[in-house]
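Fit chain B to the known structure of chain A by using the hints.
Protein chains in written order, with the numbering used here: chain A, 2 to 304; chain B, 3 to 640.
These aren't lab readings, by the way, just hints derived from the structure by calculation. Treat each hint with caution, since some may be false.
Stated by the list, open to error - Label-pair distances were calculated between CB atoms; the ranges are: (1) B:Pro320 with A:Glu295: 41 to 51 Å; (2) B:Ile449 with A:Ser112: 51 to 61 Å; (3) A:Ser15 with B:Leu620: 24 to 34 Å; (4) A:Gln3 with B:Ala456: 51 to 61 Å.
Unchecked claim - Derived DMTMM-like pairs: lysine to aspartate or glutamate, alpha-carbon spacing no greater than 25 Å straight-line: (5) B:Lys90 with A:Asp75; (6) B:Lys119 with A:Glu276; (7) B:Lys76 with A:Asp139; (8) A:Lys64 with B:Glu210; (9) B:Lys183 with A:Asp111; (10) B:Lys108 with A:Glu100; (11) B:Lys90 with A:Glu100; (12) A:Lys64 with B:Glu160; (13) B:Lys108 with A:Glu276; (14) B:Lys183 with A:Glu135; (15) B:Lys108 with A:Asp139; (16) B:Lys125 with A:Glu119; (17) B:Lys462 with B:Glu13; (18) A:Lys181 with B:Glu167; (19) B:Lys76 with A:Glu95; (20) B:Lys90 with A:Glu119; (21) B:Lys108 with A:Glu123; (22) A:Lys287 with A:Glu276; (23) A:Lys181 with B:Glu314; (24) B:Lys119 with A:Glu100; (25) B:Lys108 with B:Glu68; (26) B:Lys108 with A:Glu107; (27) B:Lys90 with A:Glu94; (28) B:Lys76 with B:Glu13; (29) B:Lys280 with A:Glu276; (30) B:Lys232 with B:Glu115; (31) B:Lys119 with A:Glu123; (32) B:Lys119 with A:Glu95; (33) A:Lys181 with B:Asp201; (34) B:Lys119 with A:Glu103; (35) B:Lys125 with A:Glu94; (36) B:Lys183 with A:Asp139; (37) B:Lys183 with A:Glu95; (38) B:Lys90 with A:Glu123; (39) B:Lys108 with A:Glu98; (40) B:Lys280 with B:Glu160.
We put the CB at the ideal spot given by N, CA and C, even for glycine.
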Amino acid sequence: MQLDEVLAGTSAASAIGPNGSLRVQNLRGESAAAGRSVARFLPRQSRALVVWYTERLTVENLKTVLRAVHYRLDRSRVLSSLIPIRPAHWRWEELLEAESVESVIERIRDSPFARPLEHAMERYRQEGRLFYPEVALDLFYFQQLVRLIEAQSGADKDDARQFLGHWIAVQNLLWAYRYKVYGAMTAEEIINYTLHRAFAAGLDALRRVVLGSPLRVEVERLGFHLGADVPEAQGLTEIEFQCERQRFERATMAMDRPISRLGGVLGYLWLFEGEIHDLTVIVEGKTTGLSAMEIARRLLRAA
Amino acid sequence: MSLFAPEPMLEVNLFVLDPDLAVVATVLARMEVLQLEEAQPEGWTPSPEWSALANRYARLVTRLEEIFDLLDYKPAIRGAPEGDLHPKEDWRMIEQRLAELEERTKPLQQQLEHAGKEIERLKLSESQVRVLLPLQVPVESLRNLRYQTVVVGTIPSENVTRVAEALFQIPFVLIPLQRHKDQTLLLGASSAENAAVLDRALKSAFFEPIPVPSEALGRPEQALDSLGRKAREIQGRFGALDHERQNMTAGLSNELNALWRRAATNRNLAEAIQRFPKHGEVSLISGWIAASDLSRVKKAVESAAGHPVAMEVLKADPKRQSVPSLVRIPGWLKPFEELVTTFGLSSYDELDPTLIVTISFFIMYGMMFGDLGHGLLLLLAGLLLARWRRDLGVLVTTAGASGMFFGFLYGTAFGQPTLRASWLRPLEGMWTILITAVAGGIVLLNIGFLLNFANAWRSKDWPRLLLEKNGLTGIALYWALLGGGLGVGYGVLPKSVLLLIPVLCALLWFHEPLAKWIWRRGSTPLGEAIVTGFFELFEAVTGYVSNSLSFIRLGAFAVAHEGLSDLVASYSKGRWGWVVMVLGTTLIVGFEGVIVGIQAIRLEYYEFFGRFFEGRGLPFAPFSLRTGGRHAGMGARA
Chain A
2 MQLDEVLAGT
12 SAASAIGPNG
22 SLRVQNLRGE
32 SAAAGRSVAR
42 FLPRQSRALV
52 VWYTERLTVE
62 NLKTVLRAVH
72 YRLDRSRVLS
82 SLIPIRPAHW
92 RWEELLEAES
102 VESVIERIRD
112 SPFARPLEHA
122 MERYRQEGRL
132 FYPEVALDLF
142 YFQQLVRLIE
152 AQSGADKDDA
162 RQFLGHWIAV
172 QNLLWAYRYK
182 VYGAMTAEEI
192 INYTLHRAFA
202 AGLDALRRVV
212 LGSPLRVEVE
222 RLGFHLGADV
232 PEAQGLTEIE
242 FQCERQRFER
252 ATMAMDRPIS
262 RLGGVLGYLW
272 LFEGEIHDLT
282 VIVEGKTTGL
292 SAMEIARRLL
302 RAA
Chain B
3 MSLFAPEPML
13 EVNLFVLDPD
23 LAVVATVLAR
33 MEVLQLEEAQ
43 PEGWTPSPEW
53 SALANRYARL
63 VTRLEEIFDL
73 LDYKPAIRGA
83 PEGDLHPKED
93 WRMIEQRLAE
103 LEERTKPLQQ
113 QLEHAGKEIE
123 RLKLSESQVR
133 VLLPLQVPVE
143 SLRNLRYQTV
153 VVGTIPSENV
163 TRVAEALFQI
173 PFVLIPLQRH
183 KDQTLLLGAS
193 SAENAAVLDR
203 ALKSAFFEPI
213 PVPSEALGRP
223 EQALDSLGRK
233 AREIQGRFGA
243 LDHERQNMTA
253 GLSNELNALW
263 RRAATNRNLA
273 EAIQRFPKHG
283 EVSLISGWIA
293 ASDLSRVKKA
303 VESAAGHPVA
313 MEVLKADPKR
323 QSVPSLVRIP
333 GWLKPFEELV
343 TTFGLSSYDE
353 LDPTLIVTIS
363 FFIMYGMMFG
373 DLGHGLLLLL
383 AGLLLARWRR
393 DLGVLVTTAG
403 ASGMFFGFLY
413 GTAFGQPTLR
423 ASWLRPLEGM
433 WTILITAVAG
443 GIVLLNIGFL
453 LNFANAWRSK
463 DWPRLLLEKN
473 GLTGIALYWA
483 LLGGGLGVGY
493 GVLPKSVLLL
503 IPVLCALLWF
513 HEPLAKWIWR
523 RGSTPLGEAI
533 VTGFFELFEA
543 VTGYVSNSLS
553 FIRLGAFAVA
563 HEGLSDLVAS
573 YSKGRWGWVV
583 MVLGTTLIVG
593 FEGVIVGIQA
603 IRLEYYEFFG
613 RFFEGRGLPF
623 APFSLRTGGR
633 HAGMGARA
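Chain A on its own, in the form it takes in the complex (with noise of 0.2 Å):
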């Protein structure tokens, strides 16, 4: 049976490509559309959290064109790959012609990600490596996020630290601990690149990190398990895939409150963006020929 067959008739029809491909990034802007439009009956404050969190596929977006201009990509497969958003604060193609990464800062000078970018500028001319726009990006964009958390009040407060506080503290982790295993970065840098507001793994939790605290003992503190044995690289790889289980347990429970309440509109969000994860690892799995066993082992859903 061909993947249209099978999807004819769900709201993922709509992202098969000519040649009956799925056109994940489609799906994916349609997800962060479809949180807008929920979002509209939040009240202000909750409403711009959750158009901020949508924002991360315009972040995404941005790294992708830094990388083609920057590495002189094929700006068709570029285009491809990007995430179709809207409204779209610019005309993508227009920013993939840009000659040089100064100049795709020029090009968003209205917007608020060209202040994060001119602060790293100077080290990427210095060194040439994206890494440092990149982590600029993230850090504003997680930065700007707490922000808007810790600014929730009532429920909606308890709904977005459990939801997005402890998501945004998992990732932070991980950060400092892919920075001390792949970059081998000093307490420092590892300090500089990460959130020092970060709710459960904040300032204390980065400092336990570079101080040589194991992976295992920081997450059992998330309330994740790792094995004794298992090494730290292969440990942020598991740990990475429980959180976004975790994420979609929670979206799944929270499908019962309001579509007016934050918790309603985030789980409506996250189970949307996992389903969609769920669907890319079914396609991809049965293109590389992976076992329905193996296949299962890597769904969000349960099997």
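Frame of chain A; chain B shown alone:
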């Protein structure tokens, strides 16, 4: 030209061959008669070639605007490019010429940038040296410290505390010296053995070191003197560069404007064409056009293409489609159209009330603000205002003229009975003016009823025409209540006339079930329709009374205006009387003039429009090269 109704619209689909696409689109855009609609028939896809062209022109426009920025000059937006547009070829010429212009302006740009950076650097150096003032040691000695490391530079302000956190393992000193925009000038120091840690922490927080300037020599005061001299020297260089910039602007502005207009117009055209769906060699241009423009457009398009062009023309169906509304009003009425558009735009099957609103608004305004002197002042203020805001000026002038006319009828100027009243003085004929106001309101409300009949007839909405509160049943009930009541009261009509009232009330109460029964319209359950019908009946009857009585304010304001003016006049005697007169008149003309305007508008929007006008029309936004392919905003009334 219809004064009262939006133009009949047609939906057109133009099937244009590739070679004719640019020229046909240009003709349509220049005529500004077609509102483009997004159409996506199955199997038709937008053209990537035009998307690439749109990007190319957008980039050219940006580059040209960068030159404008450099020259500190604003492009002349108005005016079309000379000669025909050739979007597929024009970019070559523009690009070539732009490259030459960039080459010519580049030295100036580099010098300006260099001078700017130098000034910025010297300012930062000054701040840096100023910190050292208490030390009284030669600045250059700080470059050669043996046991300490000291660095100065800029850092994003939000990263200052981050660096401090990152240095938790070593002793250090961080001193923010000065904040400029989102950057902070920071001095950092640690022991020499921890220099590498300090350096890594600062660098990873995007710190940019500023070396102690080589021209800063001697004690801090001496270093500051030499830095100041250097800064003044560069400022002088700026003056010369500015002169050069002005010369360059004078020499290049015409050509730059012409290039910018051509690039921007081509960009707008390509942006529109990239959305036209394409199948093989044929592109589809879909949109709305006024029926009266059709033959003119067809002729122009075929003349541009040089052969007949396939055109599908469909009649607009406002029940099924969102048809844009194009109301062509005569030029003399234009300044007053905002009286209606502030509320809303008449929809496709709705009559446009601009003419009636204009007449009734100024009658109501004049009635409330009737005074020869005050009207004259308002008229003069309007004439003055028209020099900056033409439409608003005309509006105020006309309001002033209306006030003067009623002032003549009342025989008052600045609250004084200077003339013989041609009609009456409001304070003396209070009852007459109040009754006249209500009578005038009844006339206006009945015009509203009639306009509602016309709107219902045009949209073939029979329940609305016959049964609803502003339809025939409604007007009959209105007159049964008003005319019947008065007629029976004065003994002109027999009491049996009053029997009509319960019959009409019943019709209005059960209008929904009746409409469902006769025309098979509506889906409200019977019980709910009866309950809501009762409340609607109650609201309609109270509305008829309150809407009519609401116009009494016209008379009340006329009386109040004269009373207030009289009061000001009576206190304007004696040595300082003129002060009271000036202040009082200013208050009356400025404050009361605005209040009276608001009251008149309120009567139009609530009492009059409530009978017939919804104002939910979609503006007709013709495809144009002027503003990014489509007009924005209320470009709807031609």
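Evaluated hints:
no., hint, in the structure
1, B:Pro320 with A:Glu295: 41 to 51 Å, "58 Å, violated"
2, B:Ile449 with A:Ser112: 51 to 61 Å, "53 Å, holds"
3, A:Ser15 with B:Leu620: 24 to 34 Å, "27 Å, holds"
4, A:Gln3 with B:Ala456: 51 to 61 Å, "57 Å, holds"
5, B:Lys90 with A:Asp75, "23 Å, holds"
6, B:Lys119 with A:Glu276, "52 Å, violated"
7, B:Lys76 with A:Asp139, "37 Å, violated"
8, A:Lys64 with B:Glu210, "23 Å, holds"
9, B:Lys183 with A:Asp111, "16 Å, holds"
10, B:Lys108 with A:Glu100, "17 Å, holds"
11, B:Lys90 with A:Glu100, "23 Å, holds"
12, A:Lys64 with B:Glu160, "22 Å, holds"
13, B:Lys108 with A:Glu276, "53 Å, violated"
14, B:Lys183 with A:Glu135, "23 Å, holds"
15, B:Lys108 with A:Asp139, "35 Å, violated"
16, B:Lys125 with A:Glu119, "21 Å, holds"
17, B:Lys462 with B:Glu13, "21 Å, holds"
18, A:Lys181 with B:Glu167, "18 Å, holds"
19, B:Lys76 with A:Glu95, "23 Å, holds"
20, B:Lys90 with A:Glu119, "36 Å, violated"
21, B:Lys108 with A:Glu123, "23 Å, holds"
22, A:Lys287 with A:Glu276, "16 Å, holds"
23, A:Lys181 with B:Glu314, "67 Å, violated"
24, B:Lys119 with A:Glu100, "23 Å, holds"
25, B:Lys108 with B:Glu68, "11 Å, holds"
26, B:Lys108 with A:Glu107, "17 Å, holds"
27, B:Lys90 with A:Glu94, "19 Å, holds"
28, B:Lys76 with B:Glu13, "39 Å, violated"
29, B:Lys280 with A:Glu276, "34 Å, violated"
30, B:Lys232 with B:Glu115, "17 Å, holds"
31, B:Lys119 with A:Glu123, "14 Å, holds"
32, B:Lys119 with A:Glu95, "29 Å, violated"
33, A:Lys181 with B:Asp201, "19 Å, holds"
34, B:Lys119 with A:Glu103, "17 Å, holds"
35, B:Lys125 with A:Glu94, "40 Å, violated"
36, B:Lys183 with A:Asp139, "22 Å, holds"
37, B:Lys183 with A:Glu95, "29 Å, violated"
38, B:Lys90 with A:Glu123, "39 Å, violated"
39, B:Lys108 with A:Glu98, "21 Å, holds"
40, B:Lys280 with B:Glu160, "51 Å, violated"
Against the hints set out earlier in the document, violations occur for numbers 1, 6, 7, 13, 15, 20, 23, 28, 29, 32, 35, 37, 38 and 40.
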